[in-house]
Amino acid sequence: MSRSGTAYLWGVFAFLYLPMVVLLAYSFNESPYGSSWDRLGWEWYRRLADDPLLIEATLNSLMVALLSASLATIIGTAGAVGLCLYAFRGQAFFHGLLMVTLMAPEIVMGVSLLVLFLALKIPLGFGSLLLAHITFCLPFVAVTVFSRLKDFDSRLIESARDLGASEAQAIGHVVLPLALPAIGAGWLLSFTLSLDDVVVSFFVTGPDFEVLPLRIYSMVRMGIKPEVNALATLLFGLSMALVILSQRLLGRKL
Amino acid sequence: MPPPLVEFSAVSKGYDGKNVLPGLDLEVHEGEFLTLLGPSGCGKSTALRLLAGFESPDGGEIRLEGAVINPLPPEQRPINTVFQSYALFPHMTVEENISFGLRMKRLPSSEIRQRVSEALEMVRLPELARRKPGQLSGGQQQRIALARALVNRPRVLLLDESLSALDFGLRKAMQTELKVLQRFVGLTFIFVTHDQEEALSMSDRVAVMRDGVIQQIGPPRDIYETPANAFVARFVGESNLLEGVITRRLDDGRADIAIENRIFPLSAPLCLSPGERVVVLLRPQDLQMEIVGPKQPGEGRLTGVIKDRTYKGMTLDTLIRLDSGTVLRASEFFDGDDAALTPGQRVAVGWTPNSPSVLPADAPF
Amino acid sequence: MRLSEAMLTAGRGLLPVWLLLFTLVPLLMVLAVSLLTRDETGFITPEVTLENYRRLFDPFYLKVFTDSMAMAGLATLLCLGLAYPFAYLLSRVGLAWRGVLLTLVIVPFWTNSLIRIYAIRSLLAAKGAMNSLLLALGLIDEPVRLLYSGWAVGLGLVYVLLPFMILPLYSSFEKLDRRLIEAAADLYAGRWAIFRHVIVPLTAPGIAAGCLLVFLPALGLFYVTDVLGGSRNLMIGALLKDQFLEARDWPFGSAASLIVIVGLFLLMGVYRWAQRWAGTGAVDDV
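Protein chains in written order, with our numbering: chain A, 1 to 254; chain B, 1 to 365; chain C, 1 to 286.
One should not assume that every hint holds.
For lysine-lysine, the following DSSO-like pairs were computed, each having C-alpha atoms within a straight-line distance of at most 27 Å [unchecked claim]:
no. : chain 1 : residue 1 : chain 2 : residue 2
1   : B       : Lys312    : B       : Lys172
2   : A       : Lys150    : C       : Lys175
3   : A       : Lys150    : B       : Lys172
4   : A       : Lys225    : C       : Lys127
5   : B       : Lys105    : B       : Lys132
6   : B       : Lys132    : B       : Lys172
7   : B       : Lys132    : C       : Lys175
Hints were generated in silico from the structure; no laboratory data involved.
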């Protein structure tokens with residue numbers, strides 16, 4: 001590759017990462033307005049641990065993320081297996097619907113689910129939030145698992161059946177083990193999406209159930225607070241760890 | 001005498017420190033069908049890519065009609081390629097694919113239409129003009145790829161393993177078609193393949209390559225009947241190769257050669273002198289068998305026991321285990337009533353006069 | 001084994017049912033609500049009207065729509081301009097390094113965009129890193145206001161959405177058969193002709209998917225204007241938030257959100273068309 005090509009690649013990476021790196025650096029700067037760099041330390045991280053609203057929002061978020069990722073993984077995996085292995089009426093229609101759900105911007109999903117929940121008289125809070133998060137995680141799991149299933153030889157299932165396995169046994173012993181890395185990666189992505197979502201949550205949660213991204217939103221709206229730097233650094237580190245784990249699962253070279 | 005149409009002189013090329021072509025010399029003449037034949041990794045495709053301009057040589061010169069073309073990019077060379085997997089543009093119709101080169105040369109659209117329809121006629125697929133490549137069979141794609149290259153009337157047409165993606169029957173049909181087409185348009189074809197039968201049946205000349213070096217170049221018949229060395233012999237056609245040593249030179253161009261503990265006087269190249277190790281090539285169809293008793297020596301011939309007989313339609317193949325343990329393959333035309341030989345019988349194996357070739361034992365396998 | 005059997009049988013049907021109930025039905029309900037009348041007490045009354053659509057053409061709202069579309073369009077073009085050469089170069093990096101670089105692209109994709117917007121805000125703040133840098137370089141004498149402008153919002157959108165443009169483009173470039181480029185060169189195409197006739201058509205699905213994944217969210221990310229632009233630059237996302245959660249005018253909010261929904265279906269149509277044009281089939285994960 002030419003030298004200018006390499007420079008361009010690194011330039012774009014610098015654009016993507018520099019603001020985050022600056023944030024990370026500020027999170028260790030203890031002087032209040034970040035104007036000088038004479039005191040470095042963990043002060044802002046300590047303050048995070050003393051914020052009861054933040055702790056509660058974090059616990060809420062973790063609970064929703066764990067549940068919605070797990071349920072979306074189960075439904076999405078089963079759905080991908082069904083979509084891949086069986087022909088049924090309206091298959092193309094459901095595939096299209098899956099794509100709509102995958103590509104729909106969050107604002108559309110937030111607005112339309114709000115309308116649905118109020119029409120069905122589902123109270124806004126933990127339950128509505130969980131249903132919404134499962135909905136936007138589902139297509140990511142289904143597509144990840146589906147593209148993995150599409151890659152392997154359909155004769156593997158036929159040979160399992162030929163060797164005496166029932167349909168369910170063939171799926172349990174052959175299909176699911178092969179798809180397991182993709183299922184794991186789908187779960188990780190769902191967990192992250194749920195933990196990060198602002199827009200949909202903003203529409204469908206109630207006043208009694210605050211989640212972490214919304215807590216951050218109100219902190220940010222009130223102006224720059226050094227604690228947010230620390231929180232952002234922690235979440236950025238978590239995302240990086242989850243991405244690396246997921247890339248390992250999908251067998252892409254790191 | 002005019003210069004050769006294409007000339008490689010001392011052309012070298014390496015990738016990642018591996019020298020694929022150490023220094024290739026090759027001349028191709030106007031109107032010729034030349035085939036580069038060899039196993040994968042022998043440098044034949046690299047030679048083709050250098051000529052097309054997709055790679056540039058590390059050293060040496062490539063000439064077209066006497067002019068050096070090393071610095072020319074592919075789009076400025078009057079040379080076209082039929083790719084191994086055809087490389088048809090999936091987003092263009094057949095017509096758009098074929099006209100692509102002409103459009104790039106900005107020919108008037110009336111002429112483009114004219115030449116595209118001629119090209120479609122030539123490959124006998126005018127009804128497919130508006131299809132996309134994804135809707136064509138392998139054989140149809142092959143012919144469209146050929147039309148897309150030929151429509152430009154290149155000075156040289158390069159074919160890179162262009163038939164290997166087709167199944168057996170279609171490949172046979174395309175071989176004939178391609179040869180007829182080449183005679184018809186009078187173009188120079190350079191064909192790359194690893195299939196020796198394809199090479200022998202289609203070409204005016206064949207160059208057998210190994211590790212970037214041409215082992216032998218010549219008409220198919222020469223390659224088959226008088227291979228230059230054991231590598232060529234083994235790669236081209238079925239062969240039995242027996243190791244031997246020259247014991248004595250005779251006056252008539254022959255030499256006494258010790259094979260399988262016996263001495264045979266065979267014609268051998270004069271460069272081979274007594275004491276030298278050689279390889280004797282016996283083609284399966286040149287061998288003749290005769291039943292002999294258990295103690296009979298089988299004069300001037302090799303002796304062994306029949307292991308297996310296989311009916312192959314046109315021919316009947318016999319495997320013979322010689323007394324030394326070496327296995328020979330013999331092949332005779334099947335004539336229906338020749339069932340006298342059965343496995344377990346002891347036979348003497350002879351050959352038609354002058355059929356064995358004696359080759360230097362240079363190339364280890 | 002028993003459990004997985006039951007799970008699979010139930011689960012196979014569950015995904016289609018879920019999609020019907022939580023994607024299709026809500027979208028149809030938004031469409032229905034947009035045709036009804038606002039009610040002060042119970043949100044809506046079943047009185048069919050086109051009044052909500054007429055109000056979309058009110059000059060105030062019309063300006064919001066055209067401004068946000070212009071902003072989102074600009075962000076999309078900037079992302080495309082930055083990401084197209086980037087994705088091409090990335091697809092040409094040796095395999096050993098490409099995995100690492102690809103991971104570096106995916107990390108921002110998986111990071112909370114609110115936090116990434118906040119990073120831009122703190123960079124541009126009056127006492128932020130950018131002003132400190134400019135002061136230190138002597139280019140300015142006192143901090144300048146970089147936030148609360150259309151430029152800040154545009155920068156924020158590009159920053160947050162760039163990975164969503166890079167990934168589908170990269171996937172198109174990765175699939176691009178190198179031999180097609182050689183074939184074009186063999187057929188006398190120069191660099192520009194190869195780009196126009198081969199590379200662009202074959203990466204069209206990536207371009208379409210990338211534009212979809214940047215343009216529509218750019219219309220809806222209400223917190224970007226909130227954090228970087230103050231309240232002066234009203235965008236569709238912020239308008240929807242106000243209509244649904246504060247003004248509680250659902251029929252009008254629904255009519256306005258149909259702009260985004262129609263955009264979604266239009267762009268998905270463009271994407272399908274681009275796929276057929278490029279002669280490729282199935283959809284990839286992003």
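Hints and how they fare:
1. B/Lys312 <-> B/Lys172: Judged against 27 Å, a Cα distance of about 19 Å means the pair holds.
2. A/Lys150 <-> C/Lys175: holds (16 Å)
3. A/Lys150 <-> B/Lys172: violated (34 Å)
4. A/Lys225 <-> C/Lys127: holds (13 Å)
5. B/Lys105 <-> B/Lys132: Given pair lysine 105 of chain B, lysine 132 of chain B holds - Cα atoms ~23 Å apart, limit 27 Å.
6. B/Lys132 <-> B/Lys172: holds (25 Å)
7. B/Lys132 <-> C/Lys175: holds (19 Å)
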